[in-house]
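J.: Work the whole structure out from these sequences, hints included.
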Amino acid sequence: MPRETMTIAQKVESIRILSPDGTVDKKLEPKLPDEDLLGLYKTMLSSRLFDERCFMLQRQGRIGTYGPTKGQEAASLGFAYCINNNDWFVPAFRETAAMLYRGWPMSTIMLWWGGHEIGATPPKGLNDLPICVPVSSQCQLAMGISWAQKLKKTKDVTLVFVGDGGTSEGDFHEAMNFAGVYKLPLVQVIQNNQWAISIPRHAQTASPTIAQKAIAYGFDAFQVDGNDILACIVAGQEAVKKAREGGGPTIIEAITYRLGVHTTADDPKKYRKDEEVKEWEPKDPLIRFKAYLEKKKLLTDAVETKLREEIRLKLDEATAVAEGYRASKTEFFEYVYAEMTPELRKQKAELEEYLAHGAKPSHANELSRV
Amino acid sequence: MPQMTMVQAINLAMKEAMREDPNVVVLGQDVGQDEGVFRVTEGLLKEFGPDRCIDTPLAEAAIAGGTIGMALAGMKPICEMQFDGFSYQSLHQIEGHARRFRNRTRGRLSVPMVMRFPYGGGIRAIEHHSEAPEATYAHWAGLKVVLPSSPRNARALLRAAILDPDPVIYMEPKAIYRAFREEVPEAPETMPIGKARIARAGKDMTIISYAASLRAALEAAETLEDEHRIDAEVIDLLSVSPLDSDTINASVRKTGRAVIVHEAPRHCSVSGEIVARIVEESLLYLEAPIKRVTGFDTAIPFFANELTYIPDAGRVVKAALETARF
Ligand SMILES: Cc1ncc(C[n+]2csc(CCOP(=O)(O)OP(=O)(O)O)c2C)c(N)n1
Ligand SMILES: [Mg+2]
Chain A
1 MPRETMTIAQ KVESIRILSP DGTVDKKLEP KLPDEDLLGL YKTMLSSRLF DERCFMLQRQ
61 GRIGTYGPTK GQEAASLGFA YCINNNDWFV PAFRETAAML YRGWPMSTIM LWWGGHEIGA
121 TPPKGLNDLP ICVPVSSQCQ LAMGISWAQK LKKTKDVTLV FVGDGGTSEG DFHEAMNFAG
181 VYKLPLVQVI QNNQWAISIP RHAQTASPTI AQKAIAYGFD AFQVDGNDIL ACIVAGQEAV
241 KKAREGGGPT IIEAITYRLG VHTTADDPKK YRKDEEVKEW EPKDPLIRFK AYLEKKKLLT
301 DAVETKLREE IRLKLDEATA VAEGYRASKT EFFEYVYAEM TPELRKQKAE LEEYLAHGAK
361 PSHANELSRV
Chain B
371 MPQMTMVQAI NLAMKEAMRE DPNVVVLGQD VGQDEGVFRV TEGLLKEFGP DRCIDTPLAE
431 AAIAGGTIGM ALAGMKPICE MQFDGFSYQS LHQIEGHARR FRNRTRGRLS VPMVMRFPYG
491 GGIRAIEHHS EAPEATYAHW AGLKVVLPSS PRNARALLRA AILDPDPVIY MEPKAIYRAF
551 REEVPEAPET MPIGKARIAR AGKDMTIISY AASLRAALEA AETLEDEHRI DAEVIDLLSV
611 SPLDSDTINA SVRKTGRAVI VHEAPRHCSV SGEIVARIVE ESLLYLEAPI KRVTGFDTAI
671 PFFANELTYI PDAGRVVKAA LETARF
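Sequence order for the protein chains is A and B. Under our numbering, the first residue of the first sequence is numbered 1, with each subsequent residue one higher. Under our numbering, the first residue of the second sequence is numbered 371, with each subsequent residue one higher.
Nothing false has been slipped in among the hints.
Computed list of lysine-lysine pairs in BS3-like fashion (alpha-carbon distance at most 30 Å, straight line): (1) K416(B) x K270(A); (2) K273(A) x K416(B); (3) K270(A) x K446(B); (4) K42(A) x K296(A); (5) K273(A) x K385(B); (6) K416(B) x K278(A); (7) K270(A) x K385(B); (8) K346(A) x K688(B).
Hints were generated in silico from the structure; no laboratory data involved.
T.: Shown next as structure tokens:
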């Protein structure tokens with residue numbers, strides 16, 4: 001047998017439609033209704049301002065550690081735009097823009113970062129999972145959800161997110177393998193923001209792209225400019241359509257950048273150069289989309305000012321709702337099982353008796369670093 | 371003698387071992403350039419280079435499995451799980467391999483590794499960052515499970531763990547990482563793994579605890595002395611596997627009363643094992659039922675309410691008084 005080079009049928013397509021200065025590739029430009037475009041911009045801006053608000057709340061000790069999404073708004077929102085409420089949405093933890101678009105109240109997301117279980121409670125009417133902390137574990141859940149969609153013969157799809165770092169976990173690999181084997185209606189977005197805390201993308205995998213991993217799982221992938229919301233939407237729509245029509249899963253690697261800290265407990269100066277951040281700042285997805293909308297005469301300074309004011313009021317309201325939230329100190333016993341066990345009832349009573357005597361738990365604290 | 375925090379003491383123990391033995395390496399997520407998310411590995415990359423202080427990709431099973439492989443091949447690796455809650459991602463390697471090799475090869479192969487991670491609640495961290503999984507690990511024969519309570523014993527026990535011929539799971543109570551300083555001797559020292567320490571001598575009752583909960587136990591002992599004239603002995607276990615039955619039983623035989631304190635949930639916990647060992651060996655010495663002050667049998671609440679869950683001195687005092695007045 002001679003040595004031969006194999007041809008592998010799967011492909012990776014790369015897409016960019018909006019360049020950093022807002023110039024659009026007319027041939028690739030999706031035809032989206034004006035009100036959708038403006039709505040998307042408003043969500044991106046809301047997410048950005050939400051970030052700023054949470055930063056302030058964290059600095060003032062009003063919420064805990066906060067993980068900003070600055071610079072990655074398009075790379076979550078663009079894909080969330082492509083699904084509807086019956087579809088499932090499975091976030092990691094840097095999908096604030098997508099969560100806002102899906103209809104998560106700002107106050108709920110704030111409550112999650114404020115250390116309340118109610119913040120992990122999806123709003124009624126949405127097929128959404130809450131923020132997922134164990135990196136990549138959500139990929140398995142999404143795989144299972146899309147499996148159920150297929151077995152139940154719905155026409156629904158599942159959209160799931162993971163970070164570049166998360167693709168190193170066994171969970172990611174296993175989920176993608178199953179998705180390929182069972183041809184599941186799954187769209188796996190990788191927000192490749194170049195860093196996993198201090199570990200740069202090149203130290204995470206020797207693979208030149210993350211998208212190409214799809215080839216080994218037996219399905220296609222896109223690599224898109226994740227700071228170009230139009231590219232995210234075009235790739236997302238194609239992947240969702242394929243999944244709905246029984247064509248199986250797609251990996252979409254969205255190339256983006258974490259402009260901010262990993263979380264408020266992180267000091268990026270220890271591991272990355274300011275120059276790198278400076279290089280990425282002009283590629284900010286908001287700048288680009290704004291320029292595009294201005295050229296289309298959909299956005300003016302006056303509209304921008306009005307939007308910002310509206311969002312500021314919503315943030316004030318959300319902050320008040322979040323800070324006004326009160327839960328009983330012993331309600332955590334009530335959600336272990338559908339019904340409390342006799343032992344749990346006993347433990348709850350024990351704690352209630354202790355608290356009733358005016359006890360205030362006192363502990364020495366260490367500053368959070370997560 | 372220098373004063374240091376637990377973070378500094380753990381860091382020192384790693385540096386000392388790395389200086390002495392080129393086979394000692396440290397690996398994990400963000401342990402190199404970032405020096406660990408809690409700065410526990412500060413200075414290691416600088417002093418020992420990237421072959422001995424290794425930043426890995428984000429995969430706990432690979433970190434643990436790779437560590438086991440290195441240990442099998444004659445190295446002395448120390449791997450870090452970034453948080454307690456993510457050590458679960460490595461369990462099939464630890465349970466299925468690390469703890470079994472000595473037994474299944476009749477001692478031909480062994481796994482002299484250390485897996486260390488920040489342990490427990492109390493720092494207002496998000497979900498999965500405040501877990502107390504010691505009972506899970508203690509259940510698996512072949513592993514040693516160590517939980518230091520102060521800078522000095524943290525350094526001595528980590529040294530012992532690194533020198534130990536078997537796999538040691540070393541849990542670092544993150545709530546007291548920087549809560550206080552303690553004098554640590556210039557020269558490296560070790561403490562035997564599996565031996566408890568009398569943290570406070572007393573004669574009226576025995577309070578048994580470990581890790582960050584020890585502080586609640588000691589604070590309670592002070593209150594009991596000052597306000598109730600009860601002289602409590604406080605035992606600091608330091609390791610929950612092996613468990614020092616002798617020290618526990620000797621104390622309980624003397625005092626006749628026992629209260630056990632830990633932040634992990636109660637069901638199938640270390641305190642359950644301690645109660646069993648007291649009952650098995652010292653039942654007729656008991657003057658009152660044994661009390662347990664622990665986390666509840668729920669998930670630890672999100673951080674806004676975590677201090678309701680973690681035992682504090684008040685709960686220990688209440689249980690101690692019930693025991694004393696029985
Ligand atoms: C299983 C697991 N291991 C470790 C962590 C701690 N941790 C939180 S985020 C993070 C880096 C994630 O990097 P990436 O997947 O690229 O997402 P990004 O933070 O860049 O959005 C790590 C190591 C975790 N949450 N889960
Ligand atoms: Mg990343």
